[in-house]
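2 protein chains.
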Amino acid sequence: MAQLSSDGKKKWVFSFTPGAADGTAAMKDLLGGKGANLAEMARLGLPVPPGFTITTEVCQAFFDAGKKLPDGLKSVVETALAAIGDTVGAKFGDDKTPLLVSVRSGSRASMPGMMDTILNLGLNDKTVVGLAALTGDERFAFDSYRRFIQMYGDVVLGVDHGAFEDILENFKNLNGFATDTELDADAWRDIIADYMAVIEREVGRPFPQDTAEQLWGAIAAVFNSWHNPRAETYRRLHGIPDDWGTAVTVQAMVFGNLGDSSATGVAFTRNPSTGEREIFGEYLANAQGEDVVAGIRTPQSLTKAVGGHAGETSLEATMPAAFDELTKIFGTLETHYRDMQDVEFTVQVGRLWVLQTRSGKRTTAAALKIAIDMAEEGLISKEEAVLRVEPQALDQLLHPAIDPAAENDLLGKGLPASPGAASGEIVFHSDLAEALRAKGKEVILVRAETSPEDVHGMHAAVGILTARGGMTSHAAVVARGMGRPCVSGAGTLRIDANTGTMRVGTRLFRSGDMITIDGSTGNIYAGKAKMLPPQISGSFGVIMGWADGERRMRIRTNADTPRDAQKARDFGAEGIGLCRTEHMFFDESRILAVREMICAEDEDGRRQALAKLLPMQRADFEELFEIMAGLPVTIRLLDPPLHEFLPHEDREAAQLAASLDMDLARLKSRLEELKEFNPMLGFRGCRLGIKYPEITRMQARAIFEAAANASKRTGNAVRPEVMIPFVAYRREFDILREVITEEADAVARETGVTVPYDIGTMIELPRAALRASDIAIGDKGADFFSFGTNDLTQTVLGLSRDDAAPILSTYLDKEVITIDPFVSVDQSGVGELVKVGVERGRAVKPGLKTGVCGEHGGDPKSIAFFELTDVDYVSCSPFRVPVARLSAAQAAIRRRHGTS
Amino acid sequence: MAQLSSDGKKKWVFSFTPGAADGTAAMKDLLGGKGANLAEMARLGLPVPPGFTITTEVCQAFFDAGKKLPDGLKSVVETALAAIGDTVGAKFGDDKTPLLVSVRSGSRASMPGMMDTILNLGLNDKTVVGLAALTGDERFAFDSYRRFIQMYGDVVLGVDHGAFEDILENFKNLNGFATDTELDADAWRDIIADYMAVIEREVGRPFPQDTAEQLWGAIAAVFNSWHNPRAETYRRLHGIPDDWGTAVTVQAMVFGNLGDSSATGVAFTRNPSTGEREIFGEYLANAQGEDVVAGIRTPQSLTKAVGGHAGETSLEATMPAAFDELTKIFGTLETHYRDMQDVEFTVQVGRLWVLQTRSGKRTTAAALKIAIDMAEEGLISKEEAVLRVEPQALDQLLHPAIDPAAENDLLGKGLPASPGAASGEIVFHSDLAEALRAKGKEVILVRAETSPEDVHGMHAAVGILTARGGMTSHAAVVARGMGRPCVSGAGTLRIDANTGTMRVGTRLFRSGDMITIDGSTGNIYAGKAKMLPPQISGSFGVIMGWADGERRMRIRTNADTPRDAQKARDFGAEGIGLCRTEHMFFDESRILAVREMICAEDEDGRRQALAKLLPMQRADFEELFEIMAGLPVTIRLLDPPLHEFLPHEDREAAQLAASLDMDLARLKSRLEELKEFNPMLGFRGCRLGIKYPEITRMQARAIFEAAANASKRTGNAVRPEVMIPFVAYRREFDILREVITEEADAVARETGVTVPYDIGTMIELPRAALRASDIAIGDKGADFFSFGTNDLTQTVLGLSRDDAAPILSTYLDKEVITIDPFVSVDQSGVGELVKVGVERGRAVKPGLKTGVCGEHGGDPKSIAFFELTDVDYVSCSPFRVPVARLSAAQAAIRRRHGTS
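Which chain is which? The protein sequence lines are A and B, in order. Residues 1 to 900 in the numbering used here are what the first sequence spells out, letter by letter. Residues 1 to 900 in the numbering used here are what the second sequence spells out, letter by letter.
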């Protein structure tokens with residue numbers, strides 16, 4: 001974008017002043033983000049302190065010429081600088097009314113903290129005296145001067161900042177000062193003398209007293225900072241090209257500490273806690289911005305009405321003109337930026353300056369209310385309102401949270417595995433958890449890791465804490481499914497379940513001690529923390545309704561129990577995308593029959609045990625079908641390796657042998673036989689049913705009998721979707737499809753009810769995705785695909801979910817990955833196979849129903865990706881359903897606008 | 001292909017007679033394989049019994065018309081039948097000189113045994129008397145008749161063949177006969193009467209005496225057999241379209257049992273054992289073909305010179321005219337078919353008939369000699385000679401084999417995991433194996449399964465037998481690498497290492513008992529079996545040389561030890577494609593240092609232990625570089641999960657703690673920490689080096705120091721290829737590349753020798769194949785890709801190699817797969833990712849070197865596939881190198897000819 005100046009050359013400098021600017025918001029490439037925003041604010045008529053931006057093209061020219069600034073820049077800058085001085089009534093380098101400026105970098109992409117900034121440029125031994133007179137605050141003037149010297153010495157002159165710190169520390173030690181605030185103007189003068197001396201010694205010449213020299217040094221230094229190692233690393237990691245360069249913005253400094261008609265403050269255009277339409281903010285009279293941050297003085301409220309501290313005044317009362325102007329500006333800002341703004345301002349001798357405006361941070365409750373209000377005010381569309389709410393933040397609304405205002409005894413941190421907070425007594429055994437729960441106690445189940453045998457204990461607990469396992473470990477997945485808060489992989493915990501103790505560092509906890517976990521942050525606290533209850537408001541329902549109107553994808557839930565199913569329906573789930581039948585097998589009343597089936601010596605033995613399970617499975621399915629009242633229910637056939645159901649310890653094995661009236665040695669040999677090196681890649685999924693079709697037969701029968709019963713009783717048509725897991729070959733699907741249809745036919749004959757049904761498959765192996773057309777083709781091919789992105793991630797990345805935690809933590813540290821691939825789908829690897837699977841399946845079966853039932857179905861980033869793969873639905877744990885509804889809506893909107 | 005008969009309609013019937021035929025070999029679609037071949041033989045002038053083929057179009061018309069034969073077929077068939085009779089001097093249905101015919105199916109694709117055949121058609125109560133008179137063998141005539149009735153009753157009339165068998169069994173029981181040969185003509189007459197009765201009872205009408213009715217019934221039955229369930233299943237499995245249909249060939253029966261001027265025999269045009277150019281075969285005078293098969297009479301040699309049994313005569317002596325004609329025919333056949341032929345012939349009253357000719361089976365030694373001789377005779381090209389040898393069969397030459405002539409005590413069967421046979425004493429512990437070996441004993445190591453801790457025992461043993469694990473289990477892979485015979489996954493073995501016993505069924509073996517295993521077949525024998533030594537001839541070298549001239553791909557070897565490397569060089573390996581550095585770690589002298597490294601508490605501790613390993617690794621590499629004398633050597637960095645190196649039992653752990661002077665509890669906690677649910681998908685490969693760069697650093701240093709030393713000493717340039725395993729992300733590669741190049745630079749500075757080197761990666765995860773362009777792009781991207789198809793198979797199929805055996809056996813049974821995917825690469829799944837990896841890698845780096853180093857690198861079918869993916873080389877275990885050289889040549893030739 002070659003901008004021409006009036007003399008036909010490229011325009012190097014873009015000025016801005018309240019009500020006018022050479023640049024616009026669109027010129028980010030040329031002016032950097034900061035310069036473009038300032039230009040925009042100026043154009044809006046906001047009273048921004050005047051200034052100018054030197055373009056990124058000058059930066060490029062600077063480096064092209066071997067770090068030389070182009071000829072002719074000097075006169076342009078001098079002209080622009082003079083104009084600034086005229087606007088604020090000051091003059092650069094003038095002893096009486098010195099103009100001070102800031103010099104900042106600003107590149108096309110945000111690179112926070114990567115490059116250098118210099119403030120208060122224009123101070124020297126003379127102008128500092130002028131500033132002292134002007135402000136009537138000598139201490140402020142000399143403190144500002146020494147800060148400028150320090151910053152300039154470090155950034156422009158290359159003096160190690162440690163040298164300045166040493167001087168200051170020495171001075172304080174020698175003179176018995178504890179904090180900087182104890183130093184007066186004279187003290188700063190002494191220190192300045194020492195600073196000057198160290199600069200002269202290190203650089204070989206004195207600190208520049210010529211303010212023009214100061215300015216040119218600072219401009220070159222900011223350009224040079226583009227190539228500092230920090231910035232280069234940042235660009236490499238974020239894929240920012242080296243040749244973009246940075247712009248330099250030079251802007252007048254304004255002061256809120258020039259007496260009682262000056263002030264500085266921060267304002268929100270609406271209440272960031274509640275979203276109410278009211279001015280909200282704080283200010284300090286006769287102060288600088290950093291005084292607000294430092295918290296030494298207590299700020300006062302802007303308005304008479306809101307948030308005023310008892311017995312205090314307000315900006316509205318003390319500076320009504322500035323307050324009125326600010327109020328008007330708020331209107332301008334909201335109309336222009338179409339969002340709630342967070343504004344920094346300074347009043348300098350009665351004159352209001354707006355330093356910065358940006359979208360304000362807000363609570364989720366406020367975000368919902370603001371989005372709805374703005375849509376109703378006509379400021380934004382409903383689509384935009386939907387886009388304004390961060391889906392992840394909905395968790396705040398659905399779960400109790402730890403009161404951030406309370407002081408809590410933080411013990412350590414694990415992974416935020418399942419949101420919400422909970423307090424309870426430590427318990428190390430699942431059976432005990434159940435027993436205590438029965439007595440009305442609230443317990444936190446603490447385990448090194450959980451296994452399917454802990455499911456009843458997890459149900460009984462109010463929260464789960466594990467020392468091992470990642471975001472998608474057994475504990476995490478099951479906890480999210482149940483909506484239980486969970487912190488997993490808390491590596492600093494040393495759990496000894498045998499002695500009933502847990503160590504964290506030097507602290508020892510025993511069974512029965514109270515702790516609190518926060519599954520939204522991963523924090524672990526000693527004792528019972530103060531909680532805030534979940535806060536579902538009417539706004540939540542409004543936004544969800546709007547979101548539902550925008551989205552293309554359906555949202556289903558992963559639910560194995562009637563409780564989960566009901567919860568998910570309450571949250572708006574449109575069916576069950578994944579019912580894991582094996583979770584029903586762990587129930588105490590069933591596990592023995594399951595074990596009997598596994599340990600049977602022949603098919604007859606298996607059939608006998610399966611016959612015991614049939615009525616239980618049927619009853620489960622009936623209840624699910626009734627709750628889902630005609631919505632689709634996808635039931636996955638038995639998936640996990642059989643040894644997951646078997647006892648792991650000798651004592652339990654002996655009990656089992658006794659229960660089954662089986663020789664212990666024979667039982668042990670069976671247990672041994674079923675052991676696997678890599679169970680994730682072993683005898684599981686459809687492989688079970690292919691070897692033991694009677695298992696599939698029982699499950700199919702339970703499904704169809706339940707569907708027939710539920711249809712009869714409720715009058716709602718039930719159309720079960722039977723899902724065959726872990727398919728790699730079409731023939732696997734064929735073998736089991738035949739078994740399933742045989743049972744469907746038999747049940748139809750026996751009951752007189754013909755239940756319509758679909759038979760489909762999980763796509764969770766790379767081979768299945770690659771051979772999707774084989775698997776889908778023909779009437780007898782798969783009726784639907786459900787992408788099991790958990791297992792697909794494990795196989796595509798070669799990474800076991802249960803073993804991933806330490807590897808992922810190293811990988812996040814070393815920046816191999818930026819996010820846990822079990823949390824947010826690996827789009828360029830796993831994602832390609834999802835795309836391939838959908839495309840190849842639909843190529844042979846255009847109407848093929850496709851969905852995602854991995855944990856990723858509840859992750860907003862992943863949902864945005866799945867929208868683009870054209871899957872029909874995502875399925876997630878009940879508590880993620882609102883997140884998914886909103887994410888899917890946002891993804892659909894962005895896709896329509898081509899901004900995904 | 002619509003053939004027109006002279007009257008303008010499609011030609012339905014194609015006749016053949018010695019010297020003339022309507023059809024040709026090219027007409028397989030219309031005449032079926034059998035009909036087309038007979039036509040070809042007739043055209044060649046061979047004295048084939050005359051006959052005719054009814055086309056597949058008639059079959060299609062038959063089904064189209066609801067199983068009705070087309071009008072007009074009758075007269076055409078009658079004419080053709082009359083012509084047959086004229087040629088052989090007989091007449092269909094004639095009482096005196098009855099013409100008997102066979103009626104056979106024959107489809108476009110071979111479907112062996114799937115459809116029906118009827119012999120001796122034309123016999124009835126009268127013609128059987130004529131046949132008896134003609135042959136002077138009443139017993140033969142009536143036996144033939146009852147066989148015909150039985151076959152016809154079963155196939156055409158649909159009488160269960162059990163009914164006939166019951167009658168025969170009853171008759172024998174009642175009359176005290178043990179075998180069929182004891183029955184005379186009268187006995188057969190009685191049985192025929194019973195057969196007739198059962199047919200009349202079952203079918204409701206008598207057995208057809210009208211020979212024309214017999215013929216039309218047989219023709220329709222053969223057509224109908226196209227749709228029998230067996231045939232339909234076969235077609236479904238082999239992808240043969242249902243609408244092809246079958247042809248029917250009707251051919252005169254000829255008889256070798258019409259007195260002393262008749263005979264029947266089998267002849268090879270060259271010696272099938274040695275390949276010598278000499279007529280080789282056997283005949284029986286006055287006999288039918290089945291008499292030769294039945295083995296009741298001892299056949300005699302064809303020639304005076306070859307293979308005659310002592311004191312016997314020969315065809316050459318007794319029937320010189322027929323012998324001369326046969327000799328001439330051999331010439332014709334070899335010239336025409338350009339291969340050694342296996343010929344079935346009959347002499348009927350002095351007249352020679354050739355019934356069948358096909359390529360003759362031969363030993364590998366014969367195959368080599370015949371191919372070379374034929375090429376030198378100008379009969380075939382060198383290319384064809386190379387194609388004539390079955391690569392798998394080369395194993396026969398390279399390993400001792402069990403003498404097939406000897407009687408051995410077969411105990412059971414496992415998987416043929418590593419070829420060759422071996423006898424030795426049973427030993428259940430690796431340490432004991434080593435100790436006994438040291439005393440000069442030959443032992444077979446028998447284990448439930450092997451682990452890396454057994455490697456020294458496997459080295460010490462002459463063979464390995466395991467009860468668990470598949471073709472690519474640890475035992476199998478390591479055994480193949482070492483060239484040790486191995487039978488794995490012998491599921492019927494019950495091994496109790498503690499008591500030192502092994503049960504197979506009811507038989508008990510103890511440590512020290514002698515057994516024999518045959519790793520080429522999977523057989524296990526009690527005792528010491530008689531062996532044939534390996535037989536490498538000059539022909540082997542000639543064919544290998546020709547093959548090397550034809551192939552495009554290079555053949556490297558997987559070798560970890562100097563011994564393996566030398567063996568592979570002897571077999572013609574052109575470099576090392578995979579040196580697994582960890583195999584060097586298991587050596588007794590090193591394992592302690594390895595364990596010390598793993599158990600170290602910090603980097604310093606690891607560095608100290610690594611420093612001990614450095615000189616050992618360097619020495620290993622030096623030796624390998626020297627043996628490979630300038631050929632490329634790919635060294636893979638440490639790959640397996642660390643726990644593989646650690647002790648598994650408490651006793652060993654205590655020993656280790658003592659050796660390391662480490663607290664046992666701390667050691668155990670470290671062991672616990674390293675445990676993984678799915679080690680295959682765990683902390684391994686590049687993940688090790690990313691967490692502990694000092695390991696990579698030591699290995700890189702060992703490589704470069706060794707290369708520098710070897711270069712200096714031998715004068716051969718050494719260019720190591722450093723391979724980073726288990727990469728999924730480019731950044732993993734970058735991190736380790738940096739570590740490796742730093743060491744390379746350091747070694748170059750220290751030694752003054754700059755070693756050229758490449759750094760590449762294993763492509764063994766789906767993500768790596770999909771992101772191949774990321775991984776290869778740029779100067780700092782991977783210099784080469786080596787496809788680790790073992791792990792790629794595990795991840796693409798979701799199948800753990802170590803747990804696969806029982807799953808694969810079910811899958812082979814249920815026809816989910818036709819071959820173990822760890823033996824022959826899954827072309828449509830894993831193969832697609834190999835293709836994708838090569839294509840995407842080369843898209844950004846055209847010269848990218850690619851190879852395959854999985855077990856598939858030694859499998860002919862896989863090699864044929866890899867040729868088509870354009871990889872530069874395959875790498876396999878030393879004993880597979882010749883197989884790979886030949887396979888690669890054949891693949892290249894077939895590719896050039898478009899026949900792959």
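Treat the hints as calculated values from the structure; they're not laboratory data. There may be inaccurate statements among the hints.
One copy or any two copies: either way a pair holds, since identical chains are not told apart in the list.
BS3-like, lysine-lysine: derived pairs with alpha carbons at most 25 Å apart [to be verified]:
no. : residue 1 : residue 2
1   : Lys675    : Lys413
2   : Lys11     : Lys530
3   : Lys675    : Lys814
4   : Lys691    : Lys413
5   : Lys861    : Lys849
6   : Lys814    : Lys780
7   : Lys441    : Lys528
8   : Lys10     : Lys28
9   : Lys530    : Lys675
10  : Lys612    : Lys413
11  : Lys361    : Lys712
12  : Lys528    : Lys612
13  : Lys530    : Lys439
14  : Lys10     : Lys328
15  : Lys328    : Lys126
16  : Lys849    : Lys675
17  : Lys691    : Lys814
18  : Lys328    : Lys835
19  : Lys691    : Lys91
20  : Lys691    : Lys780
Okay, the hints, checked on the actual structure:
no.: 1; hint: Lys675 to Lys413; result: between (34 Å within a copy, 23 Å between copies)
no.: 2; hint: Lys11 to Lys530; result: neither (59 Å within a copy, 96 Å between copies)
no.: 3; hint: Lys675 to Lys814; result: between (35 Å within a copy, 23 Å between copies)
no.: 4; hint: Lys691 to Lys413; result: between (44 Å within a copy, 21 Å between copies)
no.: 5; hint: Lys861 to Lys849; result: within (22 Å within a copy, 37 Å between copies)
no.: 6; hint: Lys814 to Lys780; result: between (48 Å within a copy, 18 Å between copies)
no.: 7; hint: Lys441 to Lys528; result: within (14 Å within a copy, 71 Å between copies)
no.: 8; hint: Lys10 to Lys28; result: within (16 Å within a copy, 80 Å between copies)
no.: 9; hint: Lys530 to Lys675; result: neither (46 Å within a copy, 38 Å between copies)
no.: 10; hint: Lys612 to Lys413; result: neither (45 Å within a copy, 38 Å between copies)
no.: 11; hint: Lys361 to Lys712; result: neither (53 Å within a copy, 67 Å between copies)
no.: 12; hint: Lys528 to Lys612; result: neither (44 Å within a copy, 52 Å between copies)
no.: 13; hint: Lys530 to Lys439; result: within (23 Å within a copy, 75 Å between copies)
no.: 14; hint: Lys10 to Lys328; result: neither (37 Å within a copy, 97 Å between copies)
no.: 15; hint: Lys328 to Lys126; result: neither (39 Å within a copy, 123 Å between copies)
no.: 16; hint: Lys849 to Lys675; result: neither (36 Å within a copy, 40 Å between copies)
no.: 17; hint: Lys691 to Lys814; result: between (44 Å within a copy, 9 Å between copies)
no.: 18; hint: Lys328 to Lys835; result: neither (51 Å within a copy, 65 Å between copies)
no.: 19; hint: Lys691 to Lys91; result: neither (89 Å within a copy, 58 Å between copies)
no.: 20; hint: Lys691 to Lys780; result: within (21 Å within a copy, 49 Å between copies)
Hint check: violations occur at hints 2, 9, 10, 11, 12, 14, 15, 16, 18, 19; the rest are consistent with the structure.
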